[in-house]
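Visitor: Chain by chain, the residues:
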Amino acid sequence: MKHGVAFRKFSRPTAHRMLMLRNLVTSLIKHEQIKTTLPKARDTARLAEKIITMGKKGDLPAYQRANSFLLEPKLTPKVFKELAQRYADRVGGYTRIHKFGNRPGDNAPTAVLELVDNPRDLKFEMTARAVAWELLSKKVQQVGPKTALDSGIQGVEGVVQREQALGPKERGLLREKTRWSLQKVLRFRGKDASVELRRKAEDHIDTLLAKPLALKEIAEQKLKADVQSEDTPLAGRKALRLKAGEVLPGSGESALRAAQGALGAEGSRKWVHRPKLGIDTAAWSSL
Amino acid sequence: MAALALPAARPLLPAFRLPFARPIFAGAFLPALQVAPKPFGFSLQSAWESLIELIPPFLLAVPKKKVSHSRKSMRSANKGLKDKQNLVHCPGCGSAKLAHHLCPNCYSSINRGFKARSKESGQPSGAVVEIAE
Chain F
1 MKHGVAFRKF SRPTAHRMLM LRNLVTSLIK HEQIKTTLPK ARDTARLAEK IITMGKKGDL
61 PAYQRANSFL LEPKLTPKVF KELAQRYADR VGGYTRIHKF GNRPGDNAPT AVLELVDNPR
121 DLKFEMTARA VAWELLSKKV QQVGPKTALD SGIQGVEGVV QREQALGPKE RGLLREKTRW
181 SLQKVLRFRG KDASVELRRK AEDHIDTLLA KPLALKEIAE QKLKADVQSE DTPLAGRKAL
241 RLKAGEVLPG SGESALRAAQ GALGAEGSRK WVHRPKLGID TAAWSSL
Chain X
1 MAALALPAAR PLLPAFRLPF ARPIFAGAFL PALQVAPKPF GFSLQSAWES LIELIPPFLL
61 AVPKKKVSHS RKSMRSANKG LKDKQNLVHC PGCGSAKLAH HLCPNCYSSI NRGFKARSKE
121 SGQPSGAVVE IAE
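So the sequence lines, in the order shown, correspond to chains F and X.
The opening residue of the first sequence carries number 1 in this note's numbering; numbering runs sequentially from there.
The opening residue of the second sequence carries number 1 in this note's numbering; numbering runs sequentially from there.
Please note that a few of the clues may not be correct.
Here are the computed lysine to aspartate or glutamate pairs in the EDC-like style, where the Cα-Cα straight-line distance is at most 20 Å [unchecked claim]:
no.	chain 1	residue 1	chain 2	residue 2
1	F	Lys78	F	Asp106
2	X	Lys84	F	Glu49
3	F	Lys243	X	Asp83
4	X	Lys82	F	Asp106
Sample of chain X residues lacking proximity to chain F, with all beta carbon distances greater than 10 Å (derived) [unchecked claim]:
no.	residue
5	Lys65
6	Pro91
7	Lys97
Not the full set, but computed from the structure, chain X residues with beta-carbon under 8 Å of chain F [what the hints assert, rightly or not]:
no.	residue
8	Gly92
9	Gly94
10	His101
Honestly, the hints are just simulated from the structure, not real lab data.
Beta carbons: idealized from backbone N, C-alpha and C, even for Gly.
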């Protein structure tokens, strides 16, 4: 039983364990995003947030305590100036853990531990991509992929501003979860953040539209030339091929269903329409 | 000459007769018993019986027949890998991913984008560092 036990031992004696955690916290503050095992990430997050709290407190005893904990003394001013300013309005929760599968060598569950609102914030990036995907999906479902490609997506900025103000139960253009993530990532950032998010979303929309076009172009080139030339590298062609379980914007298939293939539920699948795993060929073949 | 009345065959090792406890290290006694001279009036049958009593019964167990292919396969019917049920579409790129985990495609492209940008502007910040520990 482990009832009420707060700390992990990591199969190490106390001195080794504390030094390891100090190293991890120092690295996190230095690089603002690290990848390690999930239990280590959880313990490191706890300690790192305490150091940042010392930074926000700002007085001399706190500085001395933080300075003695960190293994690089030149990082302590960063905590007390840059990070304290960044998290001035935020009440706790200065770190974020993203689970990231299992490590190949020992099958250890790994995680990416990052400081919230850092320049390479993963949640910010993923929210921008999710907004892009959903807006493109809606457009493709309404007018088809060809028209969506020709016209593009306008008014992303307006969408972002409107969704920021909407409540959780109200109906908008985005899914409930995406809207919630959008509101969270934009809450403690400045005015530039929504502009940055819009820019990233628009870039991602272009990427999503460019992929099947490039695939089509390469397929045409393949038909023309039997002999492989330097202009049509094999690696490029393979990289653009859709993988198992991958879908295009506008398709409403579930990933689990797609992965099950022919062994999935028979009732939902029409025997006439034989879709390749995850691709809504009806919508995208006309592109 | 008077014939010597031979004494009746009696157990020569009364001290080692332990009816309830079976010593595990009976094997250690074996060479000693083999090396010891043949006891006078001690029949081979009772010697073997006393030896069996010292050895624990699990040392004598042995499979009677080779386990058939069918029975072997039936035993390992439940040992196969289980399918993963927690598959979802990535909200950013549409590819399959584990639920509540990062999408590896998106993470890879985000990282590459940052590295390319930092390379262009002359390496201002470090990349994501893998801490093995």
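Visitor: Which of the numbered hints are not met once you compare them with the structure shown?
Guide: 1, 2, 6 and 7
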